[in-house]
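2 protein chains.
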Amino acid sequence: MSPKAAATAETLAAATRNGDRRAASKLISQLESAEPETARAASRAVAALPLPPHTVGLTGPPGAGKSTLVDYLTAILRKRGKRVGVVAVDPSSPFTGGALLGDRIRMSSHRSDTGVFVRSMSNRGATGGLAAAASDTLRVLGGAGFDVVFVETVGAGQAETQVVALADTVCVVQVPGLGDDIQLMKMGILEIADLFVVNKSDRPGARELKLQIEQALGESPGEVCRALRQLGRDFATGYEGPKWMPEVHLLSGLDQKGGDELVDGMLRHRAFLNQPKLAAELTRNRLAREILWRATRRAGDAWEASLAPGGSLRKLVGDCADGKMDLESAVEKVLKAKVKP
Amino acid sequence: MSPKAAATAETLAAATRNGDRRAASKLISQLESAEPETARAASRAVAALPLPPHTVGLTGPPGAGKSTLVDYLTAILRKRGKRVGVVAVDPSSPFTGGALLGDRIRMSSHRSDTGVFVRSMSNRGATGGLAAAASDTLRVLGGAGFDVVFVETVGAGQAETQVVALADTVCVVQVPGLGDDIQLMKMGILEIADLFVVNKSDRPGARELKLQIEQALGESPGEVCRALRQLGRDFATGYEGPKWMPEVHLLSGLDQKGGDELVDGMLRHRAFLNQPKLAAELTRNRLAREILWRATRRAGDAWEASLAPGGSLRKLVGDCADGKMDLESAVEKVLKAKVKP
Chain A
65 MSPKAAATAE TLAAATRNGD RRAASKLISQ LESAEPETAR AASRAVAALP LPPHTVGLTG
125 PPGAGKSTLV DYLTAILRKR GKRVGVVAVD PSSPFTGGAL LGDRIRMSSH RSDTGVFVRS
185 MSNRGATGGL AAAASDTLRV LGGAGFDVVF VETVGAGQAE TQVVALADTV CVVQVPGLGD
245 DIQLMKMGIL EIADLFVVNK SDRPGARELK LQIEQALGES PGEVCRALRQ LGRDFATGYE
305 GPKWMPEVHL LSGLDQKGGD ELVDGMLRHR AFLNQPKLAA ELTRNRLARE ILWRATRRAG
365 DAWEASLAPG GSLRKLVGDC ADGKMDLESA VEKVLKAKVK P
Chain B
65 MSPKAAATAE TLAAATRNGD RRAASKLISQ LESAEPETAR AASRAVAALP LPPHTVGLTG
125 PPGAGKSTLV DYLTAILRKR GKRVGVVAVD PSSPFTGGAL LGDRIRMSSH RSDTGVFVRS
185 MSNRGATGGL AAAASDTLRV LGGAGFDVVF VETVGAGQAE TQVVALADTV CVVQVPGLGD
245 DIQLMKMGIL EIADLFVVNK SDRPGARELK LQIEQALGES PGEVCRALRQ LGRDFATGYE
305 GPKWMPEVHL LSGLDQKGGD ELVDGMLRHR AFLNQPKLAA ELTRNRLARE ILWRATRRAG
365 DAWEASLAPG GSLRKLVGDC ADGKMDLESA VEKVLKAKVK P
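Chains as they are written, first to last, in the numbering used here: chain A, 65 to 405; chain B, 65 to 405.
What the hints contain is simulated information worked out from the structure, not anything from laboratory work.
Note that the structure is predicted; figures quoted are calculated from it, not measured.
A few of these clues could be false.
For chains that are exact copies, the list does not tell them apart, and a pair is met inside one copy or across any two.
Here are the simulated lysine-lysine pairs, DSBU-like style, with alpha carbons at most 35 Å apart [unchecked claim]:
(1) Lys-341 - Lys-146
(2) Lys-146 - Lys-90
(3) Lys-68 - Lys-400
(4) Lys-379 - Lys-307
(5) Lys-379 - Lys-397
(6) Lys-400 - Lys-388
(7) Lys-321 - Lys-388
Build the full structure now, drawing on both the sequences and the hints.
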């Protein structure tokens, strides 16, 4: 890695810590740089920045009104004196790409507010890149002193599920009339949500949907912590305190109703996670994930380069194609190749 | 790796090559085993099996009628004497999980037909696992002698886009009235589809949608090959023949109309890819991807194990949590750790 790229990234990271918004913005751009040296240097510099005190994952199907909701919640948190970051994760899918285009031009009501930072990120790149890139971006916002950071995803796909696992509090947004089948929800949503939002609560069926969710929750076993289920529980520290009971909130993002109650719920959940042994367990599990994501991405990038034109392992592909080497031996050769640290 | 697991997997792979359906089924189960030794042994054994002669990626938004369509196309291909495999990729998302539940109980009309093999696969597991696991499954079906294999995904998310890149022919399914915005399609679908299907062609707006797609295609630059765009073109061999012009087909899966024309289009596209230099380029690019996916998954699994309880790198996480080591140093230590081949 070039010493120059490293120096630039370090300078930007230091400025970010001092609350320099433009430095934070530039650092995120460098993280997303197509130039591997630049991206790698930025990722390294960012690793030393802290995660935000409270990350709220917000997910739900397209059309659930997530963007308007985030806008509304941001306004409430600003009134309470919190600095708010928003990371909108665009899975770069041909099908959802359109839906998220709107994100880039939204939040216009907060545009002149230096206490709000909005960033869309997408990643078509290396395997496992999305979660690693999102955790990098979270550290930039944490370093820049934002108190609450929303990570907004469209709830579909493996990579997006991993992103949700980055959040302290997971908020699942539903609307009445979108899916007429409560079965759909039982399959997995109940496992990941700390808070449910029934958005567009003025629509017919909103109260019924809330009841259905509450009923389904009553049937599902309690969890100590949803985040831990996502992360795995490899670093158990023996927490045996009370369990978190997911809350269901009726809300209208458009009419600005119910937001204060939801924000209270979010903060209640954050306070819940602060219980000593639970907090330690969460920190360790999240660090293990982050180390793994970063290592995997770093190795993937290095191997990709080694298989590309001019790369040291390029001959392997030709040998495989010509039948001189089997796939398995090629994989083993790649694994044994030195990954540039 | 235990010699016993390896021997079992090798035996199953050999039986699969002899057309033993139950062996193929068991091999896929072993690929998905929660027991790492078993899964690894299976993946290794499978690497020596050939890919199917024709893999057709089928993607589109939820509700586009993909399942019914696959069922219909399978019937047509069976009449033409082809053996057909279907791999339904379930991204394990709480939001799409429900939609795909139906896949597991569908295709009932082909249940007693030994020339049809249906498998749903999901992967909540390691980073990059979905594409690697799908390519493993494709090799099992190729080894078992299936002529055409459909890989069906819900089009959303990074991992699913990678799965599409495994296919020779990419078929994008749309329906009139689902998204009212053609802009959505322009953003990315045009780049990946070799064939468009306007499904539910009896609905109002079907012909208009077909026209809109054709118009959009007319405005987009031609591609030598969509698959190569997905894979990257690192292994260019100098193909300069004609370009493939994507076709748009009206179809009704429910009324069984238009399927023969679509199947003809799929086979036309497969024939197109067989042009000497193009075929070589595709093979090399796909092999490079597969080597990369396999190596990344293998490394990710090994590192995950090393960070888990009893793992050799577990202390790193504690050191990071206690502030004795920074994240970046931990990542470097993981990268330098030997990956069990």
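Are any of the numbered hints broken by this structure? If so, which, sorted upward? Structure breaks hint 7 only.
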